[in-house]
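Here's the letter readout for the chains.
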Amino acid sequence: MTRTRGWLTSAIMLIVAAAMAVPFYYILVNTFKSQDETARSPLALPIHATLAHYAQVLATTNVVGSFLNTLYVTVFSVALMVLVGSMAAYGMILGRTKLTAAVGGLLAVAFLVPGQATLIPIYQMLVDARLVDSLNGLVVIYSCGSIFCYYLILGYMRTVPAEVLEAARIDGAGAGRIFFAIVLPLIRPILITVSVFQTMWVWNDFIIPNVFISTPEKQTLVLLAYSAVGQFTTDWPTFMTLTVILLVPVVIFFLFMQRYIVDGLTQGSVKG
Amino acid sequence: MALSLSRSAAIPRTAPLGVPRDRRRVTAQGAPWLFLAPIMAIFVVLYAIPLGQSLWFSFTDANGYTTDMHWIGLANYAAAFKDPEMVSALWFTLAYAAITTVAITCLAIPLAVVLNTRFPGRDVVRSVFFFPAVPSIAVLGMVWGFILNPLGSGVLNSALHAVVGIGPVPWLSDPHLAQISVIVVAVWAQTGWHAILYLAYLQSIPSDYYDAATIDGAGRVRMFRSITLPLLTPAITVSQLLLMTGGLKVYDLPFTLTHGGPGFATRTVTQSLIEQGVAQADIGKASALAVLFLLLVGAIILGQMTVSRRLEARYT
Numbered sequence: 000m001t002r003t004r005g006w007l008t009s010a011i012m013l014i015v016a017a018a019m020a021v022p023f024y025y026i027l028v029n030t031f032k033s034q035d036e037t038a039r040s041p042l043a044l045p046i047h048a049t050l051a052h053y054a055q056v057l058a059t060t061n062v063v064g065s066f067l068n069t070l071y072v073t074v075f076s077v078a079l080m081v082l083v084g085s086m087a088a089y090g091m092i093l094g095r096t097k098l099t100a101a102v103g104g105l106l107a108v109a110f111l112v113p114g115q116a117t118l119i120p121i122y123q124m125l126v127d128a129r130l131v132d133s134l135n136g137l138v139v140i141y142s143c144g145s146i147f148c149y150y151l152i153l154g155y156m157r158t159v160p161a162e163v164l165e166a167a168r169i170d171g172a173g174a175g176r177i178f179f180a181i182v183l184p185l186i187r188p189i190l191i192t193v194s195v196f197q198t199m200w201v202w203n204d205f206i207i208p209n210v211f212i213s214t215p216e217k218q219t220l221v222l223l224a225y226s227a228v229g230q231f232t233t234d235w236p237t238f239m240t241l242t243v244i245l246l247v248p249v250v251i252f253f254l255f256m257q258r259y260i261v262d263g264l265t266q267g268s269v270k271g
Numbered sequence: 000m001a002l003s004l005s006r007s008a009a010i011p012r013t014a015p016l017g018v019p020r021d022r023r024r025v026t027a028q029g030a031p032w033l034f035l036a037p038i039m040a041i042f043v044v045l046y047a048i049p050l051g052q053s054l055w056f057s058f059t060d061a062n063g064y065t066t067d068m069h070w071i072g073l074a075n076y077a078a079a080f081k082d083p084e085m086v087s088a089l090w091f092t093l094a095y096a097a098i099t100t101v102a103i104t105c106l107a108i109p110l111a112v113v114l115n116t117r118f119p120g121r122d123v124v125r126s127v128f129f130f131p132a133v134p135s136i137a138v139l140g141m142v143w144g145f146i147l148n149p150l151g152s153g154v155l156n157s158a159l160h161a162v163v164g165i166g167p168v169p170w171l172s173d174p175h176l177a178q179i180s181v182i183v184v185a186v187w188a189q190t191g192w193h194a195i196l197y198l199a200y201l202q203s204i205p206s207d208y209y210d211a212a213t214i215d216g217a218g219r220v221r222m223f224r225s226i227t228l229p230l231l232t233p234a235i236t237v238s239q240l241l242l243m244t245g246g247l248k249v250y251d252l253p254f255t256l257t258h259g260g261p262g263f264a265t266r267t268v269t270q271s272l273i274e275q276g277v278a279q280a281d282i283g284k285a286s287a288l289a290v291l292f293l294l295l296v297g298a299i300i301l302g303q304m305t306v307s308r309r310l311e312a313r314y315t
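Protein sequences, first through last, are from chains F and L. Residues in the first sequence are numbered from 0 upward in steps of one, following numbering that gives the first Met the number 0. Residues in the second sequence are numbered from 0 upward in steps of one, following numbering that gives the first Met the number 0.
Okay, chain F solo, but in the shape it has when bound:
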């Protein structure tokens, strides 16, 4: 009885899952077909598989440059926010004073402020600092993510036994040394989780590049896709091929980091 129910559930869920995945299948399969073949049989597997669309995308769009831009912004933003966030979390557990209480309160407020409420003044500020239309300007804005990192890391940091820190202090290690040599290695799991989460945010973000980047050479991948929609309105295979190329690093990342993504989901929600 349970066995049959298992198979029935399986059949229904696989059909529903397949239906959910149709858009992904559709864009993937049609990038290997000629436009005629797509029109004739949109959902069939390609009969005369071709890589022509891929060659065309690589030749006509700045996909490699955009990839490097995205990589640059993601690496520096995530490294910066994870470092600042874990430093802050460590500062908070060093001692409970009026200072830490005040900082904790302010950060809690900041955590709830939507970026929309500060966007216009930040735009003005970056114009004055000549950081508009600059990848470094994006890194500055993404450093806001430090507060989210701080929250996730703080919960985990509290599980580090105080005796370990005390022992290091008695051995004469300074606060900076304790932080880099003892605390960071001990909280490695949460650092990975937070980095995975923030990487997905920065890599996929559209709003900030769309507002702050205007030069085609400085586009991130998502922005490149957006400008391609306008450019290739009649050339769907090229747009779909670009989409598939964009999805490749994301899918690889997902396959390797799936465990941490799900961990982060629960940790993030339990703590945040």
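Each hint can be trusted.
Chain F side only, calculated, beta carbon under 8 Å to chain L, not exhaustive:
| hint | residue |
| --- | --- |
| 1 | Leu-13 |
| 2 | Ala-16 |
| 3 | Pro-22 |
| 4 | Tyr-89 |
| 5 | Leu-93 |
| 6 | Gly-94 |
| 7 | Leu-105 |
| 8 | Leu-246 |
| 9 | Phe-253 |
Restricting the straight-line Cα-Cα distance to at most 35 Å, the calculated cross-link-like pairs of lysine-lysine (DSBU-like) are:
| hint | chain 1 | residue 1 | chain 2 | residue 2 |
| --- | --- | --- | --- | --- |
| 10 | L | Lys-248 | F | Lys-217 |
| 11 | L | Lys-248 | L | Lys-81 |
| 12 | F | Lys-97 | L | Lys-248 |
Read the hints as simulated data drawn from the structure, not as lab findings. Built from N, CA and C at the ideal position, the CB exists for glycine as well.
Using the hints provided, position chain L relative to the given structure of chain F.
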């Protein structure tokens, strides 16, 4: 990237002995400041000052062309409420946030319950449902824009024409259909993610509870209502808070799918803010909208937290 960071942090190994006593006291007292300084700098530069400026700009006639600005009281707030674009953006954003929150919650909980049972191919199904949360939602919006293209040559329309024989459906060019399309795509993209969130909580419910209930003669529906749902209240709180705040702040999906059109039908508060504040440099009015938005989001979060705290107190 994540790995390199923690690896580089592990370089220094041994700690030298015999450091004078007073240095220890100095580090113990001085250190919190040093470690909190970077985040406080970010707080001041990217939160405190801009928030103050938003508030100040909202009472002035600031624009991007002159530095000379004048206090004009509540005129920007009045203008924001009279602006048809801003008003319709506010309504659509509220409707989007409310409808996606309810729809995703109602779909994700049963989905999580099913994904928590044993069946062949379960892991594949879990991954497929979760997957739309991985790529950029903006890119998904663009892909759906091609699928739902209202012309006869749109992917869905040509399929419908071939299979059912009906003419092109104006998915994105009719105001109501466009609103529905945006919401349906949002539900498609996020339900799996929230189901996995619920699943994590479901897995922490001890199976003893269900065994005991079975002995007492409880049916499946009764068990869901009396065990599963009450124990899921913390997950419901988290999921709804994320959906509600995410929904109110939404920009990417409606913008890439419909550009906020047709007319202002799917315009969001964030899109209005960017267009008026950045592109048109009507900083005063856009700042008024930003302040109103901040208050609205704050009020909704506080309200939601109060309600869910009461529910949690009742059930756990």
